[in-house]
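These protein sequence lines are chains A and B, in that order. Position 234 of the first sequence, counted from 1, bears residue number 234 in the working numbering, the numbering being contiguous throughout. Position 243 of the second sequence, counted from 1, bears residue number 243 in the working numbering, the numbering being contiguous throughout.
Incorrect hints may appear among the rest.
[Unchecked claim] Quick list of the computed label-pair ranges, beta carbon to beta carbon: (1) P115/A <-> E294/B: 52 to 60 angstroms; (2) R191/A <-> R189/B: 40 to 48 angstroms; (3) P236/A <-> K167/B: 43 to 51 angstroms; (4) P115/A <-> E227/B: 49 to 57 angstroms.
[To be verified] Partial list, computed: chain B residues near chain A (C-beta under 8 angstroms): (5) N3; (6) S48; (7) A70; (8) V116; (9) E173; (10) S175; (11) V179; (12) L228; (13) M313; (14) H324.
[As the list claims (entries may be wrong)] Some chain B residues well away from chain A (every beta-carbon gap over 10 angstroms; in silico): (15) R83; (16) K111; (17) A114; (18) T118; (19) D119; (20) G138; (21) K140; (22) P151; (23) D244; (24) L265; (25) G305; (26) V306; (27) E319.
Worth flagging that the hints you see were computed from the coordinates, not collected in a lab. In this text, a Cβ means the ideal position worked out from N, Cα and C, and glycines have one as well.
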Amino acid sequence: MHLVVCLKQIMDPELPPGDFRVDAQKKEAVRGSANLVISVFDENALEVALQLRDAAGGGKITALCVGPESAVDALRKAISMRADEAIRIREEEFPALDAYGTARLLAAALRKLEPADLVFCGREAGDWHGAIVGGLLAGELQRPFVSLMAGAQRAGDLFVLRRQTDEGWETVECAGPAVISVTNDDANQPRIPKVKDNMMAFRRQIPAWGAAELGINAAEINGPNAALEFASLGIPKSERQCQVIGGESVEEKAARLAQKLADLHVL
Amino acid sequence: MKNVVALLIAAPGGLRRTEAEVLSAGRRLADGLGGTLAAVILGAAETSWDGDAAAYGADRVVRVEHAGLAEYQTEMMVEAARRACAALQAEVCLAPSSTYGLEMAPVLAQKLGAAVVTDVIAASGEAGQVKITKPVYGGKANSELIARKAPLVLVMRARSVAVLERKAGAAAETSKLDVQLDAGLAKSRIVERKQEASAGARLEDARIIISGGRGLGGPDGFKLLVELAGLLGGTVGASRAACDQGWVPASWQIGQTGKKVAPDLYLAVGISGASQHLVGISGAKHIVAVNKDEKAPIFETSEAGVVEDYRTMIPALIEAVKKHRAAQGK
């Protein structure tokens, strides 16, 4: 069983809003002192893959990342969590990549690898929140796409997937190969790597593939999303003025808050 | 760009808020572009959907019915939607902001050769182009995108669209589109559905939400919130921090990684106000915060706040609400 997990490296989303700045010219966030991390749902996706492999008692997990040189750290983290292989796709060769381009690069890498039984993505990236690369990748590969999975099990030739929906839960059966997107859940909290695995991952060489290795023309990689004009990026201003409800005692504050709720017609 | 299509996925019962939002967003776009709005109903919805779609602004209603669409199935739905978009020469296609709509959007876009944007909080049409606002970086920033080329597939953020007033008696031309769908297209199958158990109304539908965060310090704090929610007829929610600690089920989570809610009252208790949480409550009408830390960012987003320890404040509020009601004779 070969499982491929697509990861993105992003600026730590836990950066407090007060420290968050954007470069309006470049239309991107200013990294400042923020760490680079694996995008949150991608780590959940890796965790689901690890659990699936471990339950099967064998198999191989390959982590794929379209990213700059720094993305090696994200891939080493995946190795430290016990992914078996990791490959970086050299984003620097593909400037201004759109979501279609990213999906096409991943598809090209997947065709070069041994056939995957399941391909995992996070439900959305923690920076741009596109939630589209997985679906586009499935389209490029002409494979089914099943989204918002919390967990996966194998049952014979089928994969049994647990999906979080608006209403509750669904069990979805799907024959591989397929592309699935993973959402966060109690059952797929990413494991903490062991110290010895961190050491092992630190020494690991991570291969990088570019246009030549993937047999791709960088000028033709983008799709229709590249035609969208990115007009601006800005920090929205909060216009709410907070009315502080004070009082001499807790009881007084509570009485005033109750009155406030009544004024808002919610009592 | 003039031909706007709102995709509706049939579900048991009448037309819901999810569909009303897609139609309302579509109507506004069509008006801005000087175009028309077609509602495409995928699957056999109740007949009342035709009139309701018209009431929320559809100029025409196209029903796509096929045995293969009786249950949601990604490939079948996408193929049906693709055919409908082709038949209607759709230039802007809005998918519902539901689990299924979000799943279909990129797959459909790929087949249509369309640009695709999800989690959109504003989309307006003018002079043949569509201006799109999409929050990024966990809601810490907004991006503005301009689409000049069709086709375009959009998914609005759930609860971010103000639903248009229902125009009772509005009529739309209704037609059926026959599609031949090969059952072999279906590669996955939903074998079981489970409704989520929640105390009170579903978070997404709740009029009042009392929500707790890391500041509660443990699962016991939530008992007070449950008591207050019971008194106010509300539902209890939580921040990611509280869910990650295992104090309450993950299904209670509100935020970027949880549910997006739009209650009349959102009472945030012991919630600091991380931007990823605020993303989930941007649709709330009134946000009120209780936090012992006066510097908690949640106050910047709240219209009223009390700086107080919830352990004393919530019991006092429960008493105050009872007293208030008694005084009102309720």
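Compare the structure with the hints numbered earlier in the document and write down the numbers of the violated ones, lowest to highest.
2, 3, 5, 6, 7, 9, 10, 11, 12, 16, 17, 18, 19, 20, 21, 22, 23, 24, 25, 26 and 27
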